Amino acid sequence: MASKRSNPRDSDRVRTRTGGANAERFRTEDVSEALTEVLREETRLMQASNQEAKDLEGEKSVARVTSSSPTSSEGRDRSPKQANTNASDHRLGVSGEAAVAKPFHCQFVHSKDCPITEDPDSVAHLVRHFKPAGCPLPSLRNMTEREAYVKMVVAHAKAMEDNNEFAATLEKRMQDVPRSDELYEINKVVRDLKHGLNMAQDRERANATQLAAAEKLGNQAASLEARLRVVSNERKLALEQVSFFEAKVESSANKFSDDLRRATYDAKKALAHSYLDVLVSLKEKWEKKKAATDCEARLREVMANIDLFKEIMNNNLLASDELLRLQTKEVELRSELELMAVLDFSVGKLDLPQISEDLPEDFFARDSSAANGADDVTKRSGGQFEDGEFGIEE
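Using numbering that gives the first Met the number 0, you'd call the opening residue of the sequence shown number 0 and step up by one each time.
FYI, nobody ran anything at the bench for these hints, they're computed from the structure.
Model, not experiment: these values are computed from the prediction.
C-beta atoms are modelled at their ideal positions from N, C-alpha and C, and glycine is treated no differently.
Mixed in with the good hints there might be a few duds.
What follows is a list of derived Cβ distance ranges for each label pair [said to hold, decoys possible]:
| hint | residue 1 | residue 2 | range |
| --- | --- | --- | --- |
| 1 | T143 | P177 | 56 to 66 Å |
| 2 | L238 | T208 | 32 to 42 Å |
| 3 | A262 | R226 | 29 to 39 Å |
| 4 | P119 | S179 | 39 to 49 Å |
| 5 | A212 | N232 | 24 to 34 Å |
| 6 | A220 | A246 | 47 to 57 Å |
Kindly generate the complete structure, drawing on both the sequences and the hints.
Right under this line is the structure:
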């Protein structure tokens, strides 16, 4: 596989070949844009090369290398382990014209069983010679960044190969495009056929219109009269049905509204009664539980005093020692009580049903004593109840 570097002479040949193709071939818009982009890129590369030649005192070597491999046509006649590469130097002036520089010659022998493009070291060795005058490069063996340089050279060679393949693809694409005179003849035939087709379609539409008009004129009068009578009858019937359904809908809506209002009132009333029953039940249970709790507390206090006196009498303890021990025990119990304390709940925080404002005024006067009793319970307890003091039974 041969890698080719573009130079001004190749660019001139490409432009000359492109000019001849413009005279003989018809290009599509995509091919023209692609080829223009390639030529613009080559022109930019030429300008960059000229600028570098100016900076380096006009001395720049452009080498063209042709490497043979077992897959190329020339490599078939020679040994697959032999490949000779000859390079010649050219120098570009400020005006861009080619001028002969000092002769350059190098000899390279490829002795591996693979194409030269698949051997990164061989490619790097060849490309190392393509450098401007006065730019010494160490050999690959002594190069510090050898791996990075070889990787860059292989990528550059691959890019050159892809560029050549793209140019060949564009040339083949241009050859497959039909000529302008052939396209002109084809377009002319298509226009004639399209014009004839439009004329035939116009005649067909005119004939169809005349035929339809003739068929309609025969039965138009009788059909219109019969249709008018049918439509009038249907309109009257439809108006009667609309009036009937409107009245029915209005009656149903009024009835539904009354039923809904009555059911809502009954439900709210029952909910209010249930709410009052719950409050009364809470009051009774809380009073019973409070009395039992007070009695239990007094009993525990008496029993504790009895046990204390028994212990004092049996152990002959002094009152001061026992007082100190009880004070220490009190501190421990208070600390333990703080750790075991739980949140209280109140009646105000319960998720109880709300009484609607739509209820009649006489409803709030019913059983006012029960409601006042429930309020007294809440006030006396401060709205606080201990967890687990009572359970609500349905």
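Hints and how they fare:
1. T143 / P177: 56 to 66 Å: holds, 57 Å
2. L238 / T208: 32 to 42 Å: holds, 38 Å
3. A262 / R226: 29 to 39 Å: violated, 52 Å
4. P119 / S179: 39 to 49 Å: Given about 47 Å between the Cβ atoms, the range holds.
5. A212 / N232: 24 to 34 Å: holds, 30 Å
6. A220 / A246: 47 to 57 Å: This hint is violated: roughly 41 Å between Cβ atoms.
Hint compliance for this structure: hints 3 and 6 are not met, and every other hint is.
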